[in-house]
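Asks: Single-letter residue listing:
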Amino acid sequence: MYNETVMEHFTNPRNVGEIEDADGVGEVGSPQCGDIMKIFLKVEDNIIKDIKFKTFGCASAIASSSIMTEMVKGRTIEEALALTNKDVVDALGGLPPAKVHCSVLAEQAIRAAIEDYRAKRGK
Amino acid sequence: MYNETVMEHFTNPRNVGEIEDADGVGEVGSPQCGDIMKIFLKVEDNIIKDIKFKTFGCASAIASSSIMTEMVKGRTIEEALALTNKDVVDALGGLPPAKVHCSVLAEQAIRAAIEDYRAKRGK
Amino acid sequence: MEKRRIYVDNSATTPIHPQVLEEMMPYLTESYGNPSSIHFFGREARKAMDKARERVALGLGAKTEEIYFTGSGTEADNWAVKGVAFANKKKGNHIITTKIEHHAILHTCEYLEKQGFDVTYLDVDEYGLVNPDDVENAINDRTILISVMFANNEIGTIQPIEEIGKIAKKRAVYFHTDAVQAMGNVDINVDKLGVDLLSISGHKIMGPKGIGALYVRKGTRIDNLIHGGAQERKRRSGTENVAAVVGMGKAVQLAVENLDQHVRKMTSLRDALIDGIKERIPHVRLNGHPSQRLANNVNFSFEFVEGEALLLSLDMEGIAASSGSACTSGSLDPSHVLLAIGLSHETAHGSLRMSLGEINTREDIDYILDKLPAIVEKLRALSPLFKQCEGGKVSV
Amino acid sequence: MEKRRIYVDNSATTPIHPQVLEEMMPYLTESYGNPSSIHFFGREARKAMDKARERVALGLGAKTEEIYFTGSGTEADNWAVKGVAFANKKKGNHIITTKIEHHAILHTCEYLEKQGFDVTYLDVDEYGLVNPDDVENAINDRTILISVMFANNEIGTIQPIEEIGKIAKKRAVYFHTDAVQAMGNVDINVDKLGVDLLSISGHKIMGPKGIGALYVRKGTRIDNLIHGGAQERKRRSGTENVAAVVGMGKAVQLAVENLDQHVRKMTSLRDALIDGIKERIPHVRLNGHPSQRLANNVNFSFEFVEGEALLLSLDMEGIAASSGSACTSGSLDPSHVLLAIGLSHETAHGSLRMSLGEINTREDIDYILDKLPAIVEKLRALSPLFKQCEGGKVSV
Ligand SMILES: Cc1ncc(COP(=O)(O)O)c(C=O)c1O
Ligand SMILES: Cc1ncc(COP(=O)(O)O)c(C=O)c1O
Chain A
1 MYNETVMEHF
11 TNPRNVGEIE
21 DADGVGEVGS
31 PQCGDIMKIF
41 LKVEDNIIKD
51 IKFKTFGCAS
61 AIASSSIMTE
71 MVKGRTIEEA
81 LALTNKDVVD
91 ALGGLPPAKV
101 HCSVLAEQAI
111 RAAIEDYRAK
121 RGK
Chain B
1 MYNETVMEHF
11 TNPRNVGEIE
21 DADGVGEVGS
31 PQCGDIMKIF
41 LKVEDNIIKD
51 IKFKTFGCAS
61 AIASSSIMTE
71 MVKGRTIEEA
81 LALTNKDVVD
91 ALGGLPPAKV
101 HCSVLAEQAI
111 RAAIEDYRAK
121 RGK
Chain C
1 MEKRRIYVDN
11 SATTPIHPQV
21 LEEMMPYLTE
31 SYGNPSSIHF
41 FGREARKAMD
51 KARERVALGL
61 GAKTEEIYFT
71 GSGTEADNWA
81 VKGVAFANKK
91 KGNHIITTKI
101 EHHAILHTCE
111 YLEKQGFDVT
121 YLDVDEYGLV
131 NPDDVENAIN
141 DRTILISVMF
151 ANNEIGTIQP
161 IEEIGKIAKK
171 RAVYFHTDAV
181 QAMGNVDINV
191 DKLGVDLLSI
201 SGHKIMGPKG
211 IGALYVRKGT
221 RIDNLIHGGA
231 QERKRRSGTE
241 NVAAVVGMGK
251 AVQLAVENLD
261 QHVRKMTSLR
271 DALIDGIKER
281 IPHVRLNGHP
291 SQRLANNVNF
301 SFEFVEGEAL
311 LLSLDMEGIA
321 ASSGSACTSG
331 SLDPSHVLLA
341 IGLSHETAHG
351 SLRMSLGEIN
361 TREDIDYILD
371 KLPAIVEKLR
381 ALSPLFKQCE
391 GGKVSV
Chain D
1 MEKRRIYVDN
11 SATTPIHPQV
21 LEEMMPYLTE
31 SYGNPSSIHF
41 FGREARKAMD
51 KARERVALGL
61 GAKTEEIYFT
71 GSGTEADNWA
81 VKGVAFANKK
91 KGNHIITTKI
101 EHHAILHTCE
111 YLEKQGFDVT
121 YLDVDEYGLV
131 NPDDVENAIN
141 DRTILISVMF
151 ANNEIGTIQP
161 IEEIGKIAKK
171 RAVYFHTDAV
181 QAMGNVDINV
191 DKLGVDLLSI
201 SGHKIMGPKG
211 IGALYVRKGT
221 RIDNLIHGGA
231 QERKRRSGTE
241 NVAAVVGMGK
251 AVQLAVENLD
261 QHVRKMTSLR
271 DALIDGIKER
281 IPHVRLNGHP
291 SQRLANNVNF
301 SFEFVEGEAL
311 LLSLDMEGIA
321 ASSGSACTSG
331 SLDPSHVLLA
341 IGLSHETAHG
351 SLRMSLGEIN
361 TREDIDYILD
371 KLPAIVEKLR
381 ALSPLFKQCE
391 GGKVSV
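Residue numbers (my numbering), protein chains in the order written: chain A, 1 to 123; chain B, 1 to 123; chain C, 1 to 396; chain D, 1 to 396.
Here chain A stands alone, though its shape is the one from the complex (with noise of 0.2 Å):
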């Protein structure tokens, strides 16, 4: 079903937890369709510096989730809005069709912390 990195990724899962005076927060999904992203930002000199992750859903919500903030750490904030979910899926090696959702998840949810942290510097 899942191929080898994403069961890696859901196993070991990176940049798991919270970031008690994150610079950015974004929680996206709804416990609706059974999955909830959110992602904690810090954010130095427009990079981020650290990033983590709480997500509730499935096995590739969560590896989607993990790969994403791999993928965006040390990035500039303009280089992780560039990210797209096919970037996510691609890094994973792909993921099942029904299942693909899921990395538009992680898309919106490092969106929604960068806008989170635009608007908290912005004030």
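It should be emphasised that the hints constitute simulated quantities derived from the structure, not laboratory data. You can trust all of the hints, since none of them are fake.
Under the rule of at most 20 Å between Cα atoms (straight-line distance), these lysine to aspartate or glutamate pairs were calculated in the EDC-like manner:
#1 K3/C <-> E30/D
#2 K234/C <-> D333/D
#3 K89/D <-> E110/C
#4 K387/C <-> E20/A
#5 K169/C <-> D191/C
#6 K192/C <-> E54/C
#7 K120/B <-> E18/B
#8 K371/C <-> E317/C
#9 K42/A <-> E107/A
#10 K387/D <-> E18/B
#11 K90/C <-> D141/C
#12 K378/D <-> E8/B
#13 K387/C <-> E18/A
#14 K52/A <-> E377/C
#15 K47/D <-> D315/C
#16 K63/D <-> D191/D
#17 K387/D <-> E27/B
#18 K371/D <-> D271/D
#19 K47/C <-> E4/B
Please read all numbers here as calculations on a predicted model, not as lab measurements.
Got chain A sorted already, so can you dock chains B, C and D with the ligands onto it with the hints?
Replies: Frame of chain A, contents of chains B, C and D with the ligands only:
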């Protein structure tokens, strides 16, 4: 499918053949329904002295003809007329439901032959 | 250490019982005749079919001529509902069923709605029980069929079929029950139950897959579902799956013979598993009825975790179970059964079914109880819905 | 002397090929998972299903996602015809088929007539051939489906499917062919044939009973026949019969791989049997086309004898064959196929089909040719339709 008695009569039918100078001949059935029975009688002093049959039909038609000829041979005309298809079925130890019509044919065949005999004697 | 494999998904399917396979083998090898043929090979196959039909009839308290073999439990369900609906549409177009039926019934009913039938989907209570009064109240003068499952495949709740049967009889409405999960776990007698139609399936009772049977009470007006070569006394066409029919016959025989012993064994394993989980894991909810439930059914919701993740984690430990999570099926809505008993979406998503079978042992239960708590804990730690308080106490 | 058993009823059903059974066995024993389950057992079963589907697709020149497994060839036929009819009834209600289809098609069409559809049953010529011009002429602006069998199960006549396919395409009408008997005996490529739907069955090609497959060209509008748990990409519900699916995959693979060799062997046995009968027995008629016929089909009418009696006599000599006689089925009308090619009732009643298979040898043919003449002679001696002339010459 068929019991041993039926198979025995099918394999070794009694009284097969024709009687050249028959006193009565009866033919019932039609090629359409796949069964034709032809009965030849020799009657003396109201008693069936000899009987032969030819049958085009399935195993139960052949067995019904065979056992019927045995049952009426040596009997009076009245006794032969009293023969029912149920008697034939019973004598055979039973027929599958779909095949009961073959025993009806046997009953009709002996009646037709007797009718012919009476008609011939009548004139 | 050798990897353990513990199969607790017996409501999804069961292994074939060795005695069942043994009886099937000749019909997969040298006795390959078509039962419709009149020669030796055909007669041999016919005889085997007859014997199997007798066994099934005996197992259900029915007459042999009331048993029809189908290609699955699903086909039996489709046939019962569509067959009765179409054959009786002059009499009426109303069908009564429940919200927790298997999809074989529900999707068939939805299809019939498109064909102009009216379907009432009855609610169930928090335990998944149908109220017989609701059935009675739903009957109107256009009602032609009531279809209520005997035991639910997800939460194991056993319905009061006998009571509903009395109502159906009183009101002269045909009554079908899907007994696919009940068979082998519950005593079944079609007359006692008062059912007119009853579906069972081979592979749920240690028989082969791809075979089911429909009991049809003599005199029931029902159309054919599959037309053709007049097999099954002209009611269900297609060359008979002799080996599977033989397997089904043996499986029903064994299921009925071993019923008491099986129920005793399953109940003891089930209760050990239920109690163990309640003891070891906080924030759980047992789904289904506490006592009117299948002896082999365990269904829990684990708050804050999602079912598929749970299943995969269990699978990595060699434990094969199933879940009511939508993720498993690729749709977004979780199990209609869990929603029908009132679970929230997120709780329904976090459900786990472990269905026991003859192959399971007490060691299996202990192994599961050993592995499951840590898995749930790990997934909860990942979950944004779950927060650990300072004092180590769990709260939401 | 040991009793010989010669099986020449391979169009009724075939033994399972040992290689097929070998591939099935794991799925009847330790690999019992339900392919819809996401755990190890389920994935293992899913993988086996995928492989089987690929093999079937390859064998038909189709895409894997165009192959759907069913519970029989009959179900595939029912699904194709009813599914297309109901899904396209807004477009039209006219279906074209032939008078010599299998009952799985004919009885389905009769059922559809009761549901308001219009069916044209095309005539065939004395050899059982459909004229493509007749197909074209029968098409009107309400025609939604043409269903013409690839090869006839009784007389073996092979239809000009490719030509009919071109007509169907030109006139934009869906085209289904029942290839249950053609499979394994004729080269099949769905694109070359221009068919939109094609049915096959496992047990006719040394696969297991109770499994069939329907090829459905992508984009074809077709309703489901069996509703439920969303198996077969939501098109055909019911827990998958994994072992049978695996068997079907292997059987198709073998059938395609061995096609040329099989056809050569069958043709040689068939022709020896046909020639031998013609030489040894007077008043016979070969039914079906002399050359456009299945390599394994021999069908004769023996004037003045009835088929069931012939079959039983052959059976007593250990020869298993079949007949177009009504007596075999308990109805009064003989084979609709034999009547459609113009045989009189009595000639049709006296027909015998011997369908050869991989298990047959030249010795089998010699044995049949040794026994058959005496049997026919004995039955003719019993027959009132047959008179022996003095000179020993035969006449009617
Ligand atoms: C031409 C044809 N179509 C359909 C069928 C039905 O196939 P099955 O026996 O798998 O239902 C058969 C055989 O019985 C057949 O010969
Ligand atoms: C309650 C119930 N009904 C019907 C079915 C369908 O049976 P089958 O898998 O044989 O099609 C199942 C199992 O899938 C079931 O659990």
